[in-house]
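Enquirer: From first to last, the protein sequence lines stand for chains A and B.
Residue 225 in the working numbering sits at position 225 of the first sequence, and the numbers go up by one each step.
Residue 157 in the working numbering sits at position 157 of the second sequence, and the numbers go up by one each step.
If you're looking for bench data, these hints aren't it; they were derived computationally from the structure.
It is possible that part of the hints are untrue.
The list that follows gives simulated cross-link-like pairs (lysine-lysine, DSSO-like), each with its CA atoms no further than 27 Å apart [stated by the list, open to error]:
hint	chain 1	residue 1	chain 2	residue 2
1	B	K347	B	K403
2	A	K263	A	K175
3	A	K28	A	K281
4	A	K220	B	K54
5	A	K138	B	K262
6	B	K347	A	K162
7	A	K181	A	K204
8	A	K325	A	K306
9	A	K175	A	K220
10	B	K262	A	K181
11	A	K263	A	K281
12	A	K74	A	K30
13	A	K76	A	K306
14	B	K55	A	K220
15	B	K209	B	K405
16	A	K281	A	K315
17	A	K175	B	K347
18	A	K315	A	K138
As a plain string of letters, each chain reads:
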Amino acid sequence: MKLKQTILAIAGVALAGSLQAATLDDVKAKGHVQCGVSQGLPGFSNTDDAGNWTGIDVDYCRAMAAAIFGDASKVKFTPLSAKERFTALSSGEIDVLSRNTTWTMTRDTQLGLNFAGVLYYDGQGMMVPRELGVTSAKELDGAAICVNTGTTTELNITDYFKSNGMSFELVAFEKSDEVVKAYDSGRCNVFTTDRSGVAAERLKLTNPNDHMVLPEIISKEPLGPVVRQGDDQWFNIAKWTLNAMINAEEMGVDSGNVADMMKSEDPSMQRLLGTSGDFGKEIGLENNWAANIIGMVGNYKEIYEKNVGPDTPLKLQRGVNALWKSGGILYAPPIR
Amino acid sequence: MQDASSKGSSVLTKLLYNSTWRGWLFQALVLLAVIAFFVWIIGNTVDNLQRLDKKTGFGFLDQIAGFQILTSPGVSFMGYEAGVSTYLDVFWVGVINTIMVAFIGIIAATILGFMMGIMRLSKNSIISAIATVYVEIFRNVPLLLQILFWYSVMITTLPAKRDQLSVFGDLGGLNKTGLYMPQPIFADGFGYVALAFLVGLVGCWLYSKMATGIQHRTGKRPMGWPVYLLLLIGVPLAVFFLLDRPLSWDIPVFNNEGPILKRGFERETGMVLKPEFLALWIALSVYTASFIAENVRSGILAVAHGQTEASQALGLRAGLIQRLVVIPQAMRVIVPPLTSQYLNLTKNSSLAVAIAYPDIVSVFAGTALNVLGQEIEMIFMMMMVYLILSLSTSLFMNWFNGKIKLVER
Chain A
1 MKLKQTILAI AGVALAGSLQ AATLDDVKAK GHVQCGVSQG LPGFSNTDDA
51 GNWTGIDVDY CRAMAAAIFG DASKVKFTPL SAKERFTALS SGEIDVLSRN
101 TTWTMTRDTQ LGLNFAGVLY YDGQGMMVPR ELGVTSAKEL DGAAICVNTG
151 TTTELNITDY FKSNGMSFEL VAFEKSDEVV KAYDSGRCNV FTTDRSGVAA
201 ERLKLTNPND HMVLPEIISK EPLGPVVRQG DDQWFNIAKW TLNAMINAEE
251 MGVDSGNVAD MMKSEDPSMQ RLLGTSGDFG KEIGLENNWA ANIIGMVGNY
301 KEIYEKNVGP DTPLKLQRGV NALWKSGGIL YAPPIR
Chain B
1 MQDASSKGSS VLTKLLYNST WRGWLFQALV LLAVIAFFVW IIGNTVDNLQ
51 RLDKKTGFGF LDQIAGFQIL TSPGVSFMGY EAGVSTYLDV FWVGVINTIM
101 VAFIGIIAAT ILGFMMGIMR LSKNSIISAI ATVYVEIFRN VPLLLQILFW
151 YSVMITTLPA KRDQLSVFGD LGGLNKTGLY MPQPIFADGF GYVALAFLVG
201 LVGCWLYSKM ATGIQHRTGK RPMGWPVYLL LLIGVPLAVF FLLDRPLSWD
251 IPVFNNEGPI LKRGFERETG MVLKPEFLAL WIALSVYTAS FIAENVRSGI
301 LAVAHGQTEA SQALGLRAGL IQRLVVIPQA MRVIVPPLTS QYLNLTKNSS
351 LAVAIAYPDI VSVFAGTALN VLGQEIEMIF MMMMVYLILS LSTSLFMNWF
401 NGKIKLVER
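Bound-form chain A, shown alone (with noise of 0.2 Å):
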């Protein structure tokens, strides 16, 4: 199954010519980015009823369509799962991988990547059911605990449960589906993945109210978007199309008054969305990307409280993936 496809991208590792040349040269040239997402995860990135996807991850992606094309519409996406994302990345099978991944260091020294910032802060729950009475991860000696093989939960919780002295069995299945049936099913005691995942899986249980999530948080899931290393202009692009919806949060330009402010006669405001200045053509897009990016898709609130806030079924608070300025820690360097 997946095994073909891994072959298939190691095959592409050694066919290709010289892939790494010029990304956006091979984007602008094919006509669309194409983006690689999970394969179903509410909030992040998921098919709706018509069949399109949605998500905070998938709206990044639209970002940097918007950015190059100047047409928010101009990305395909490839759904990948969490074993394949990172040779789909590095065979050129996707431009760039948007897929609630977990920036660690032996992600971004070892396997060629690079992480062009932090889209969403998360920690790793835990959910169990009610009937257990547990109210602590601390009282989970002895569970049995599903998660989805390939990821950085399955080692967190090895490690959490060994410094703890408890001891657990680790169920691991390869689709996430798979894990939540699992669960569902009563194979395993504990459900576990990145805090949004298990609010957002929670809701495929059959009655979701009998299980509960647990308050620990016991690791740090900074999820960003990655590209291949060895092309610094594209690098540049991941980066600047993040930190521009961050920029635009703080500076209060959003898609409803982006065509006022074009207008405005703040310095930092003409940078932003280029009016004065050369900024985008320094990363080989036009001047006015960020403006496509905050009229087209939005700033970092929008796509925040459209897909994951508290007025979607995830519940989401900001928490610290607020601004800085409100107590969170989302800061974006200056366009400058």
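We have chain A already, so just place chain B on it with the hints.
Expert: Here is chain B on its own, set in the frame of chain A:
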């Protein structure tokens, strides 16, 4: 001038029309092309890997693996422990799990397949109908679906962890977390019992040779089964009791008290087969058995009916006709395709990834690959494992086929 050039071209033409020389030329060209292709593809891969700034080489095998693996034959055998064992251990855990499920799958599929194949030829229409339905259902449903089916059945219909379905009375039980059985604990002297069994086996072989010799000389075969039984079971049993029974059983403990998570079968007591293992084993065996059944049926049907009639004319009993005339000839037709089925079963065991059984694809080319990201080395190792497994199966089956094939005099 003209003369010389026509002479030169005539030498060339001669060479070109010389079939030996031409053959060598083309062989050399093809060889060159193949070498060039591999030089290019390996160089290009190394180039691309360097450009991607990826780690290469097999150094990762000494690194410590920080993830837990589901209790399975490989984990018990290697004594795998997260945070202590290396990635090389992970590799062996995966290899042993793959071999284990393939091996017992082959045994079960063979027994079930032969049964169904013979049943399908039964004159009793109910028995043959059962076999037909079995073959047609399990042969025609994709294996992945069958694996998911058996797994879903187990984790949805079996009792929860704090409950059990009694299967061996007080000696164990079955629930969502697995099938619990007593585990044999071999004391020091048990090696001698095993040795006694081997001695008995050799004794049987010698005795059967001797019996054949006597039969050839006198026409009468001396007593058979009682002697074999005595040698195979009596001798080891005598040693077993002589050494004061060097074997005890670790019986799984079922716990009904205490904290809710601690209830159910206690960890580290008895022996457990996880539902992931059971589901994969059942699905692989049942699926492959349906193909083996057809091989067996075709093998038996391939023996001309005249053979049976001729044996009857010689006055042989029905059982002897089967044993001495039909089956040996049918085996010649059955064994070669049987080898393919065994190979298929081994390779199909890689579908384990779907249901969390830690075989080599799931645990080494899955979890470990994702942590380390060295696809080329790891997939290469995995392909070698399957290649070696398949080649050894083939070698064994070819040897077996050689033993039973028609002896031409």
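Enquirer: Look at each hint and say if it fits the structure.
Expert: Here's how the hints hold up against the structure:
1. For the given pair, K347 (chain B) sits about 26 Å from K403 (chain B) by alpha-carbon distance, which is consistent with the 27 Å threshold.
2. Simply put, K263 (chain A) and K175 (chain A) have alpha-carbon atoms about 49 Å apart, too far for the 27 Å limit, and the pair is violated.
3. With a CA separation close to 15 Å, the supplied pair K28 (chain A) and K281 (chain A) stays within the 27 Å bound.
4. At roughly 25 Å between alpha-carbon atoms, K220 (chain A) and K54 (chain B) fall within 27 Å of each other, so this suggested pair holds.
5. At roughly 14 Å between alpha-carbon atoms, K138 (chain A) and K262 (chain B) fall within 27 Å of each other, so this suggested pair holds.
6. Between the alpha carbons of K347 (chain B) and K162 (chain A) the distance comes to roughly 35 Å, so the proposed pair goes past 27 Å and is violated.
7. A hinted pair counts as satisfied when its Cα atoms are at most 27 Å apart, and K181 (chain A) with K204 (chain A) qualifies at roughly 9 Å.
8. About 21 Å separates the Cα atoms of K325 (chain A) and K306 (chain A), which keeps this hinted pair within 27 Å; it holds.
9. With a C-alpha separation of about 23 Å, the suggested pair K175 (chain A) and K220 (chain A) falls inside the 27 Å cut-off, and the hint holds.
10. The straight-line distance between the Cα atoms of K262 (chain B) and K181 (chain A) is roughly 23 Å, inside the 27 Å bound, and the hint therefore holds.
11. For a cut-off of 27 Å, the pair hint linking K263 (chain A) to K281 (chain A) stands: about 20 Å separates their Cα positions.
12. This hinted pair checks out: K74 (chain A) and K30 (chain A) have alpha carbons roughly 10 Å apart, not beyond 27 Å.
13. A distance of roughly 21 Å separates the Cα atoms of K76 (chain A) and K306 (chain A); the hinted pair therefore holds under the 27 Å criterion.
14. Pair hint K55 (chain B) plus K220 (chain A) holds up; C-alpha atoms about 25 Å apart against a cutoff of 27 Å.
15. Annotation: proposed proximity of K209 (chain B) to K405 (chain B) holds, straight-line Cα distance about 21 Å (limit 27 Å).
16. For the hint pairing K281 (chain A) with K315 (chain A), the CA-to-CA distance comes to about 39 Å; that exceeds 27 Å, so the pair is violated.
17. For the given pair, K175 (chain A) sits about 21 Å from K347 (chain B) by alpha-carbon distance, which is consistent with the 27 Å threshold.
18. Distance restraint check for K315 (chain A) and K138 (chain A): the Cα-Cα separation of roughly 26 Å lies within the 27 Å cut-off, and the hinted pair is therefore satisfied.
This entry does not satisfy hints 2, 6 and 16, going by the numbered hints stated previously.
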